[in-house]
Structure formats: structure tokens, C-alpha cells
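Novice: One letter stands for each residue in the lines below.
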Amino acid sequence: MARQVKTRSKVIVTIAAWAVGIAIFFPILWTVITSFKSEADAIADPPVFLFFNWTLENYVTVQERSDYFNHFMNSVVISVGSTLIGLLIAVPAAWAMAFVPGKRTKDLLMWMLSTKMLPPVGVLVPLYLLFRDAGLLDTRIGLVIVLTLINLPIIIWMLYTYFREIPGEILEAARMDGATLKAEILYVLTPMAVPGIASTLLLNIILAWNEAFWTLNLTAANAAPLTAFIASYSSPEGLFYAKLSAASTMAIAPILIMGWFSQKQLVRGLTFGAVK
Amino acid sequence: MATKHSRAAARLMISPAVLLLLGWMIVPLAMTLYFSFQRYNLLMPGMEEWTGLANYQYFLTDPAFFDALTNTLLLVGGVLLVTIIGGVLLALLLDQPFFGQGVVRILVIAPFFVMPTVSALVWKNMFLNPVNGLFAHAAKALGLQPYDFFAQAPLASIIGIVSWQWLPFATLILLTALQSLDQEQLEAAEMDGAGPLSRFFHIMLPHLARAITVVILIQTIFLLSVFAEILVTTNGGPGTASTNLTYLIYAQSLLQFDVGGGSAGGVVAIVLANIVAIFLMRMIGKNLEA
Numbered sequence: 001m002a003r004q005v006k007t008r009s010k011v012i013v014t015i016a017a018w019a020v021g022i023a024i025f026f027p028i029l030w031t032v033i034t035s036f037k038s039e040a041d042a043i044a045d046p047p048v049f050l051f052f053n054w055t056l057e058n059y060v061t062v063q064e065r066s067d068y069f070n071h072f073m074n075s076v077v078i079s080v081g082s083t084l085i086g087l088l089i090a091v092p093a094a095w096a097m098a099f100v101p102g103k104r105t106k107d108l109l110m111w112m113l114s115t116k117m118l119p120p121v122g123v124l125v126p127l128y129l130l131f132r133d134a135g136l137l138d139t140r141i142g143l144v145i146v147l148t149l150i151n152l153p154i155i156i157w158m159l160y161t162y163f164r165e166i167p168g169e170i171l172e173a174a175r176m177d178g179a180t181l182k183a184e185i186l187y188v189l190t191p192m193a194v195p196g197i198a199s200t201l202l203l204n205i206i207l208a209w210n211e212a213f214w215t216l217n218l219t220a221a222n223a224a225p226l227t228a229f230i231a232s233y234s235s236p237e238g239l240f241y242a243k244l245s246a247a248s249t250m251a252i253a254p255i256l257i258m259g260w261f262s263q264k265q266l267v268r269g270l271t272f273g274a275v276k
Numbered sequence: 277m278a279t280k281h282s283r284a285a286a287r288l289m290i291s292p293a294v295l296l297l298l299g300w301m302i303v304p305l306a307m308t309l310y311f312s313f314q315r316y317n318l319l320m321p322g323m324e325e326w327t328g329l330a331n332y333q334y335f336l337t338d339p340a341f342f343d344a345l346t347n348t349l350l351l352v353g354g355v356l357l358v359t360i361i362g363g364v365l366l367a368l369l370l371d372q373p374f375f376g377q378g379v380v381r382i383l384v385i386a387p388f389f390v391m392p393t394v395s396a397l398v399w400k401n402m403f404l405n406p407v408n409g410l411f412a413h414a415a416k417a418l419g420l421q422p423y424d425f426f427a428q429a430p431l432a433s434i435i436g437i438v439s440w441q442w443l444p445f446a447t448l449i450l451l452t453a454l455q456s457l458d459q460e461q462l463e464a465a466e467m468d469g470a471g472p473l474s475r476f477f478h479i480m481l482p483h484l485a486r487a488i489t490v491v492i493l494i495q496t497i498f499l500l501s502v503f504a505e506i507l508v509t510t511n512g513g514p515g516t517a518s519t520n521l522t523y524l525i526y527a528q529s530l531l532q533f534d535v536g537g538g539s540a541g542g543v544v545a546i547v548l549a550n551i552v553a554i555f556l557m558r559m560i561g562k563n564l565e566a
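So the sequences go chain by chain: L and Y. 131 is the number that the working numbering gives to position 131 of the first sequence; each next residue is one higher, with no gaps. Heads up, the working numbering is the position in the second sequence plus 276, with the first residue counted as 1.
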């Protein structure tokens, strides 16, 4: 009897959870489906869900008309580039703070977090003018610099919370066993640090890929990543639903897949280790 | 354990990050502050002059500023309300055992990874458009008049879109927190005759307090700066109906080329963000100590 009640409640929860899950996911699903429709099918009333002539035409058109691949590469270079440079600066800093903590380490971390609270629009004007004068407007390198700096505090915090969990005793044990400093770093610390670094890398590529304040304000045609490219569909091209959907699907697909892989790290990364 | 030698090395390892962040903070901030006291318009080069507090006076007495401030608060507050209440309910649901937990989790988290411009445009055109949008089709099928979301309720529509983007984040964090709750405590309460509601309010909610604080803090940082969603849907309009502070300053500086006025707005935005930040840091600090 008790088991029956349990099974029945499990079935009810299953139905409810799936219904909510599908409802939340529906806009994405609908976008993907629409990207395979003709423009006429895309605005059909009543809407067609699955039974229409599936076509890849929109993907071809988007690439041909607006050089989609160039914008895609801009997104890749900007998000991966800014993340790698960020890691290069952040790994030593987080390492030092985690393994050689001083009196001010905590204050330093809080100060870094506070730079994230600075509203970007507060420094929009000077940055725009500096970029204009330095010839960095609408260049990939300019965006790499900005995104490196705005994500640096998050990278440091994430790495710090990972590194802090590496037990110090293990180093002492290795030293007792006669390990040299080089061996210590190579065989003991690195394997323990790599998963943390990898999750930090993944999460920051996602954040940089989707960043839509600086990318919209500092680029025009050449260096525009996908965020800015899609914004050009705001009007009136956005009314071509099938093409908008094809462009959108290509813009979100790679990061959606990466995101699904990193969802566990997402929580601790974005909460600065406060929730695990 | 830490020797003098390793301390020096540590300082060397930290300094590039500190110097970069310091430069990133101080240089543009000083420039914003300086420009905010200048009459400086990009359309009138060579006419720059010191104007004292005139820019602030214009910016703060502009009716658009008050609208933008109200809209910013409504946007942040509205999204926080929807995502936290929705997130708690969703987390409670997803915390129960059911078939296909992994897949549903993936479905629920997905909107968080969609870039702002895509989610705003997809919602604007394919769902909320009064002629061809899915909601208009649904309204017509039910014999109702289609609703022109962005003309009638621009700010509420944007709140809806932004909430859709942030609900997954709130849900995921609250769910993670809920899963760390001691099951025995709940069972003990149940044995003592505590109903589901009192179990929720006296055990679960206090346990979630810290996670909720974190969600509020992080979302507020991002929500104060909502920009792309407004740019691609309403351009802040009609009038100033959906202009937030970020968008107002953007329009002033880069659309009207008023560097001085935009900078004064920037300083105001920084001051306001700092008030929120101090308030929130204190709150999170209290919660993190526990």
C-alpha cells in the first residue's frame, strides 16, 4: 500500500516536472524547429509543429547574406582568447592566495569582487573614447582586452575556491617522500588543479560568449561577435522568422552544449563558492 | 609554513592581477568623473569647457532620469520576485524523486545559456508579436483580441523575458542548496507532526536563506545593467516607458554624443550601484559568516 502511494506520487511529480521543463525549454525548441521551415510555414496560422517541408535553406541564406562564419569566428576568438589570457593572469594569483594566504587575502578577494559591482555603463564613455583614440573600436583585440578584465575577478574567485580545497598535507607528504619541487608541482599539484581550471575555463567561455554590453557598444561590422550580429536582426529583418531562427540556433547551439556539460560547476562558479 | 621567501613569491604572483584590476577601475573612473564636469559634446569638438555641476543638474532634473530610475527598480525587483518565488517552487518540485531527472534538469537550465540578444529577439518576434507571434495565434484561436505586448506593457514584457533567462539560475542554485538539507531533520519534524507548510517555513526556508541571499546578490549585479534586451526590443520606448538607467546613459553618450551628460549619468549610476552593493555585501557577509 505504502509502495503504491509512493509510485503514484512519483508519477505525478514526473508529469509535473516534465511539463514545467518542456514549457521552460519550449522557446528554444520552437526556434530550432522554425529554423528548418520556409518563411511561409514559419508564420502559418495555425502554427505547424512538425509536419512541414523541412529545409536547410535558411542556414545557407544566413551564411551567404551576412557572412555568418566571420561573426562566429569573432565569438570564438574573443571568448576563448579572453578566457585564456584571464587564466594566465589568474592562476598564479589564485594559487598564491590559496596556498600562501596573508592577513589581507580576504580583503583582496572582496575588493576584486567589488570591481564586478561597478556598472559597465559608468565607464562606457571613457572606454569608448580610449578605444576610439587607440584604434581599438571594432577590433577583436579590443574586445579581448575588455572581456579579460571584466571576467578576471570571477576567474580568480572560481580558481581560488578550487585551489583552497587542495589539502596542504598532501604536499608535506610528497616532500617527506623526497619529492623535488618540480615533481611536487608536476605530479601532485597539477593533477589536482586541472579539473578546477577546466571548469573555470568552460564557465568563462560561456560568460564571454554571451556578454552583450561591451560587444554591442564597441563593435560594428568587422569584429562583431554573434551577440552583435543577432542584434542586427532587431528590425525589420527579425520578421523573417525562419532566418532569425537559423541564425539564433547557430549562435546558441555550441554554448548550450558546453553549458550542459558544465552545469554542476556553474553553481559554485557563479556564486563565488558560496553555494556548492 | 609560509616563509619570507614564499611570501615574496606570492606577492609577485598576485601583483599582475591586482595592478590590472586597479588600472581597470581607476583610469576609466577618473575619466568619467573628469568628463562629468565638462561641457563636452562629440558633435562640437574644441568647445570643451569646465561647467561645474551643470551636467549633474541637467541629468538629475531630467524627467527621463526619474522614469529610468523607477524602471530600473521595477525591472530588478520584478525579475527578483519572479525568479526567486518561481525558483523556490521549481526547486521543491525538482527535488522530489521522478523519472528522467537528468533530462529535465538540462531542459530547465537551458535558457541561461542563451545569449541576451537571441532570447530577446526570439521572444519579441516569434512569441509576443501582435500579428504573427505564437501568443497572437493562440489568442485568435480562443477568439480573443491579440495583445500588443511591447506597445501596451513594454517594461512588463522585458521583465518577462529577463525572468525567463534568470529563472534557471535561481532554480539551479536553490536546488543545489535544497539537496544539502539534512533529510533526517525533515523526517523528525514529520514524526513530530509538522505539516508540509510548517516544514517548509520552519526548516526548508531558513536552510535556503543563504542561497536566496546569494541569488539576490548576483542577479542584482547583472540586472542593474540589463541593456541588450532593451536595445533589441523597445529601444527604451515608447517614450521612456522601458528605459532603464543603463539604457538612458547609453542613449545620452553614444546616441546624442553628449560625453559630459553621459558621464554625469555614469557617476550617478556608480553611486547608486554602490549603495546597493554595500547593502548586499553586508547581507551576504552576515550570511557567509554563519
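There may be inaccurate statements among the hints.
[Stated by the list, open to error] Computed list of lysine to aspartate or glutamate pairs in EDC-like fashion (alpha-carbon distance at most 16 Å, straight line):
| id | chain 1 | residue 1 | chain 2 | residue 2 |
| --- | --- | --- | --- | --- |
| 1 | Y | K416 | L | E172 |
| 2 | L | K10 | Y | D371 |
| 3 | L | K6 | Y | D371 |
| 4 | L | K182 | L | E172 |
Simulated from the structure, these hints should not be mistaken for laboratory data. Remember, it's a predicted structure, so these values are computed and weren't measured experimentally.
Novice: Give a verdict on every hint.
Specialist: Evaluated hints:
1. Y:K416 x L:E172: Outside the cut-off at roughly 72 Å; violated.
2. L:K10 x Y:D371: This hinted pair holds, its Cα atoms lying about 12 Å apart.
3. L:K6 x Y:D371: 15 Å, holds
4. L:K182 x L:E172: 14 Å, holds
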